[in-house]
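Asker: Chain residues, written in single-letter form:
There are 2 protein chains.
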Amino acid sequence: MVEINSGYLDLVPNYLFKDIADKVKALKSSFPKAEIISLGIGDVTQPLPKVCILAMQNAAAEMGKIETMRGYGPDFGYPFLIQKIQKNDYQDVGINIQEDEIFVSDGSKCDISNIQEIFAKNIKVGITNPVYPVYRDSNIMAGREISFLPCREENNFVPEIPEEKLDVIYLCSPNNPTGTVFTKDELSKWVEYAKQNKSVIIFDSAYKEYITNPELPKSIYEISGAKEVAIESRSFSKTAGFTGLRCGYMVVPKGLNGYTENGEKISLNKMWARRMATKFNGVSYVTQRAAEAIFSLEGKKQVSEIITYYMNNAKILKQALEKMGYTVFGGENAPYLWLKVKNGSSQEFFSKLLNQAFLVCTPGSGFGSEGEGYIRFTAFATRENTMKAIERLEKVKL
Amino acid sequence: MVEINSGYLDLVPNYLFKDIADKVKALKSSFPKAEIISLGIGDVTQPLPKVCILAMQNAAAEMGKIETMRGYGPDFGYPFLIQKIQKNDYQDVGINIQEDEIFVSDGSKCDISNIQEIFAKNIKVGITNPVYPVYRDSNIMAGREISFLPCREENNFVPEIPEEKLDVIYLCSPNNPTGTVFTKDELSKWVEYAKQNKSVIIFDSAYKEYITNPELPKSIYEISGAKEVAIESRSFSKTAGFTGLRCGYMVVPKGLNGYTENGEKISLNKMWARRMATKFNGVSYVTQRAAEAIFSLEGKKQVSEIITYYMNNAKILKQALEKMGYTVFGGENAPYLWLKVKNGSSQEFFSKLLNQAFLVCTPGSGFGSEGEGYIRFTAFATRENTMKAIERLEKVKL
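Chains X and S, in that order, give the protein sequences. One point on numbering: in the numbering used here, the residue at position 1 of the first sequence is 336, and numbering is uninterrupted. One point on numbering: in the numbering used here, the residue at position 235 of the second sequence is 570, and numbering is uninterrupted.
Mixed in with the good hints there might be a few duds.
What the hints assert, rightly or not - Derived lysine to any residue pairs resembling SDA-like cross-links, with alpha carbons at most 25 Å apart: (1) Lys456/X <-> Met336/S; (2) Lys456/X <-> Tyr594/S; (3) Lys730/X <-> Asn449/X; (4) Lys353/X <-> Asn449/S.
Hints in this document: simulated from the structure, not taken from any laboratory.
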């Protein structure tokens, strides 16, 4: 008799966004002609940069000729892409990361959910509340108990350093869902905490391109000593519209160690390399060429235009919501707006928007108990739909 | 202090093919001008079918226009691809598989290594010896003990039904590395065994397109009752040269159950759906369009030409090796040749070929203890290199 992984029984029945998609689908079948606008799931709407399209078409053509076709690529990514990441995302901002510390992947969701595999089952995991559900669910699936770090309005949605010793802590900045961004001081405290406790920080900076304030850190490695305690995960999804292409990367510094039961140091870089060589087979060559193109001069210009477009959405939406009397967080160095619901629960507010205005948001309670009383809006819709959403919001009866 | 997953300490230091790649790299640096021929790692050399190139270029163009760009796709694959798989790979050969039993992925290696996650840690896992290392390593990483099922010449490299009760059994046909293909009778015995013991068979049929004998089963679902006990994994890598693109699929039938500690039935289809929705984010839209194109009339013709090309390599290589006095298995309904080493170990034979002939094979011992005394050749080289390899083999001093 084959026994199942009982961790799965402790999950809520559906992955959050699948649950919302099902509700929207149900509405669509009742009102087939309804024009539903989504500011819910953080999916992009703008076309990919032109440089990426061209790079993909050229790469596809290469695959059709025997002289230039490519089979299995390097497990951790092609050097042409790794070197561009190393230079542009790190070296140019004064951070020294080596090529073999960068692992190209098919996106942040996979990296962030798989990284826990290299740790023991009995480690203490610290996760903010509210949170991107993947941190939580991947650890529940692995049978771990989680310590939640509340992020509330009174703390500016920044988790406080806990008294207890946590072994692995997931931090996300710019934050999904609250739109909060760590200051260097706040992040330094966490790096210090991790050093003292020999903990590891999983730093998710998928939205780093949305930081406009130069005082705010885009990488955890801007904090001195972070390379001894932190893994950094990044994605091209929200940078250049790769949600449908799948490419990201993770940095696992060689100075970062875990420990055996007996206290022997083990390189986490080597463990992750082993994991990726054994259970992954690289990212499509065509996709890696598209990712490389983002780092060209023309690519950077095109990416910057897309980011500006979405950030203007965020600005327009935030101003309009505040004019309607809502309290709104985020939306300034982040593509997410965290709106305080006026009365009722997150779910009730979600249902009102969906049913009265055919408008999709994400109920804050889906991100954890501390998300109750909030909903998340994204800035990733088209300008037209963002404006329409505002018009509809003005008419909703609460 | 963050403790590591001790399962990793039980692995051999390097993933097999990475180890070989390192040795080849070392040789290259000693003899920069040497023309090294690889019949080692099972990587393809023929360009992708033209229909796939065109499909990718069109899909890339779509991603560049706001009207047609696609963000997140369905977690389990686009219906356009799932329906083609359902019809061509199953319905047309008389097997009824439903759309929501098919999960499109970024390749067999990922599926095969991730599937063990949905089972309890304490299950008994049965793995053939020799074996594709991923079955073994993914279970060692998860901390499981493995029962090995020896596949020897005297049994025609087919594992015998064991006395003990195994909960999950990995079977691969056409087999990597031995090139053996299960007959319907042999496979039926395993299905019967799994039914009796409430076990699950993970059936890896990545090489099914290489079966030319119509009596041999391409799918485990050709065996009556298999949908109650088997998961089937398939890949476009060896079918249409997708090793550098990454696309495959897994079938998890809805009639397949696991059990809680208390004996309660749990749908494995639902568990896998939860796993994929939580820890995966779909395959590149561009890649899925390429995969879809394989199933067009023109696509099937182009795929068939590629398969014939490789199978002719296998035939030529096998005949030449037999003429040289070697005993060779496989290579008839499989792209792998399993050669009995005349004297010395697998590793010694590997080193002789590499150093004397600049020819790469895979030492059988890398696939498990029962692989000792054998080496694996692949049929995936170009014709030209296959012929050159034969010439060089004739001159090797054993």
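Asker: Does each hint hold? Answer for all of them.
Answerer: Tested hints:
no. : hint                  : verdict
1   : Lys456/X <-> Met336/S : holds (13 Å)
2   : Lys456/X <-> Tyr594/S : holds (22 Å)
3   : Lys730/X <-> Asn449/X : violated (43 Å)
4   : Lys353/X <-> Asn449/S : holds (21 Å)
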